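Number of protein chains: 2
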Amino acid sequence: MWVFYNGKILDLENVTISPFDRAFQFGDGVYEVIRYYPEKFFEYDSHLDRLKSSLKKLEISFTAFVNIESILYELIRKNNLDDQLSIAYIQISRGVQFPRRHYFDDGMEPTVFMYVEKFPARQEEMKSGVKAGLEEDIRWMRCDIKTTSLLPNVLSKQRAVKNGVTEIIWHRNGFITEGTQTNVCFIKNNELITPPLSNFILPGITRGIVLRLCKKLGITTTERDIKLSELNGFDEILLLSTTAEVIPVIEADGKIINNRIPGPVCRLLQGEYQKLYNAESR
Amino acid sequence: MWVFYNGKILDLENVTISPFDRAFQFGDGVYEVIRYYPEKFFEYDSHLDRLKSSLKKLEISFTAFVNIESILYELIRKNNLDDQLSIAYIQISRGVQFPRRHYFDDGMEPTVFMYVEKFPARQEEMKSGVKAGLEEDIRWMRCDIKTTSLLPNVLSKQRAVKNGVTEIIWHRNGFITEGTQTNVCFIKNNELITPPLSNFILPGITRGIVLRLCKKLGITTTERDIKLSELNGFDEILLLSTTAEVIPVIEADGKIINNRIPGPVCRLLQGEYQKLYNAESR
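Residue numbers (my numbering), protein chains in the order written: chain A, 53 to 334; chain B, 53 to 334.
Here chain A stands alone, though its shape is the one from the complex (with noise of 0.2 angstroms):
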């Protein structure tokens, strides 16, 4: 598998990352996944957009964004992926630091990891929908950074995977926020709702593509405080991410919704996506 790693691009097993790089020690780091519909990352400027940023808020000091997509083709190429759905993951921490302590230098070097990896569509949840629990929201503050630090992330996706669900949808002081992995959306008489952006939640791509397409389809949009009590008055739940794409939530915390039959703005706005990434792709 050939992968990036600090300017060149080596086999897997020739990557060695420090101990002493704060992604290790600190989850001192940022990351993008992007999706590849051959053949063509689909929405690398908005990626490409939110990784300066997330680098930006947590002064990392990376500038040689111009060369990524080129690198991201060229893996693509070199791993035979040219004809296969997949998805590119970049990170980039703050670097090496030693000796071991919490606060940095200006100027670090930042370690630069990339790789491509053949990812299938999600098409079955796509179709026939998944169930969400529900949990508190116990992250930090600025969940709008797409930073490694992804603890919070990762144990409520575990309790999920035990509990036999796909996602756990998050609230917070008794408002929705979004999944661990997804940002959410509701339907509620050919109403999309979603939470505002805030530090509370992801700025997703998928997110913004979703808006503008509800805006083209004449399908309102409102951005608010969605609260947990809300929760059951909605005609469809929908899970919003790069590899999700739009994913129908046919059980959320046990209730039923629609029958477990996902609604027409999810089959619409699912083919609507589709048509998008065809056009921008081959």
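Since the list can't tell identical chains apart, any single copy or any two copies may satisfy a pair.
Cut-off 30 angstroms, straight-line C-alpha distance, at most; resulting in silico cross-link-like pairs (DSS-like, lysine-lysine):
1. 109 to 183
2. 214 to 108
3. 108 to 183
4. 130 to 92
5. 240 to 268
6. 104 to 214
7. 109 to 214
Read the hints as simulated data drawn from the structure, not as lab findings.
Just so you know, these numbers come straight off a predicted model, no measurement behind them.
Chain B: place on chain A using the hints.
This is chain B only, laid out in the frame that chain A set:
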């Protein structure tokens, strides 16, 4: 520099962490820092107990605890630190998982990394005291676990350094929690007051020692919620940690404490703490 990595004592240069180590990609690990006062690790059992507790809370299935102490002494010896004030760093992450995904398999092989390092006493800070800033505590709600997902601690500490203060004291919902690397306690009329153990603070080893010392010395100890607004009414403010031992705060949020003179309880506790590790070491 000789370090320990996954069963072997190696030169640091030969340690090669996988980019798929979950500490690197998810901050999915725990750690401890233990003081070596020649020629003994101080409160080793307390640190080991906390390490076990952290691992259990994250469901990391590490069991080879019995070997750690002898490995640390071997590292001290091989690095010629026998007579040097030093620290040991122990990090255990969940291990390497490929392909990347949030949830984890049962029974993964943890990644173990340990090193020792000469680490002088913070004598000047202990003697003259330090300035502390105040910030809202925006961390997640499981601060009782000593994890490597340390980004909020890193960012607050960085602001401390930029602002010329040594530590940030955090407050959440109007109540004092702790510092970015220390527990905090307060003295008022010969009473030591400190926030109670909860999911919002780390159960500090030094905190525990100081509470026991107070009982021995006849100083009343009270573990209770402390309002931010109480901050100006204390006689002394103390920072506690393994490397800080007992450090007096002489200025908090720009307000001068006791004319910048470390107080009598601080001096008493510093002396008793020193007696304790002197008695337990050589």
